[in-house]
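K.L.:
Generate coordinates for the entire structure from the input sequences, incorporating the hints supplied.
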Amino acid sequence: GESVGLHLPTLSVQEGDNSIINCAYSNSASDYFIWYKQESGKGPQFIIDIRSNMDKRQGQRVTVLLNKTVKHLSLQIAATQPGDSAVYFCAENGSGANNLFFGTGTRLTVIP
Amino acid sequence: DSGVTQTPKHLITATGQRVTLRCSPRSGDLSVYWYQQSLDQGLQFLIHYYNGEERAKGNILERFSAQQFPDLHSELNLSSLELGDSALYFCASSVAGKDTQYFGPGTRLTVL
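Residue numbers (our numbering), protein chains in the order written: chain A, 1 to 112; chain B, 1 to 112.
For the record, the hints were derived by calculation from the structure and aren't laboratory data. We put the CB at the ideal spot given by N, CA and C, even for glycine. Nothing false has been slipped in among the hints.
Straight-line Cα separation of at most 25 Å, DMTMM-like style, residue types lysine to aspartate or glutamate; simulated pairs:
# : chain 1 : residue 1 : chain 2 : residue 2
1 : A       : Lys42     : B       : Asp1
2 : A       : Lys42     : B       : Glu75
3 : A       : Lys71     : A       : Asp31
4 : A       : Lys42     : A       : Asp84
5 : A       : Lys68     : B       : Asp99
6 : A       : Lys42     : B       : Asp99
7 : A       : Lys42     : A       : Glu15
Calculated Cβ distances over 12 Å to all of chain B for the following chain A residues:
#  : residue
8  : Arg61
9  : Lys68
10 : Pro112
P.N.:
Below, the structure written as C-alpha cells:
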C-alpha cells in the first residue's frame with residue numbers, strides 16, 4: 001500500500017517563530033499532495049495543497065515545498081501562533097487515485 | 001465550517017450491534033469519502049462514492065458497507081460491531097475526484 005510518513009511525531013515551537021513540519025512519501029507516481037490541520041475533537045481542515053508540477057506554493061502564513069527527487073514534502077508556518085497548535089497531516093493521492101493516503105501526523109505545540 | 005455535515009456526533013453502542021452513520025456533502029460536491037481514525041492514528045481510507053456509484057475501496061471490512069443516495073448524501077453501515085471498531089469516522093466530499101477533499105466534523109463511535 002501507500003506509505004506516507006512523518007519525520008517527527010511532535011514539534012514544539014515558541015510563539016512567533018517559524019515552524020517546519022516534514023513529510024516523506026513513498027510513491028513517486030503521486031501527483032497531488034495536501035496538508036491538513038486537525039484540532040482536538042474536530043475534523044481535518046484543509047490548509048494548502050500542491051500538485052507535482054510545482055515545487056512551491058504559498059498561502060496565508062503557510063508555504064508548502066515539494067521535493068520530488070527525494071520524495072519529501074514540508075509545511076512551513078510563519079510567525080506561529082497559539083491557534084496553530086494541532087496535529088498536522090500530510091496526504092498524497094498515490095498513483096493518481098481519488099482517495100488520499102495519510103501520514104500518522106505531527107503534533108505541533110506552540111509555547112506562548 | 002467545511003460545509004460537510006455528519007450525524008450523529010456521538011454514538012455509543014454494544015458489541016454485535018449495527019449502526020448507521022450519515023453524511024451530507026458540500027453543496028455541489030459529487031464525491032463522498034469515508035475514513036476511519038482510531039486513537040492516535042492517521043486516517044484510513046474506507047470507501048469512495050461518486051454520484052451514487054462506488055469508485056474505490058480501501059481497508060473497509062466486510063462487516064461495513066456504504067451507499068450514496070440520489071440526493072448525494074451517504075450512509076456508512078457498520079454491523080456486528082466489535083470493540084476495535086471504536087473510532088472516529090469522518091466523511092469528506094469533493095467536487096469530483098482528484099481534488100481537494102473537505103472533511104466533516106466526524107462521528108465518534110464507542111463500542112462497549
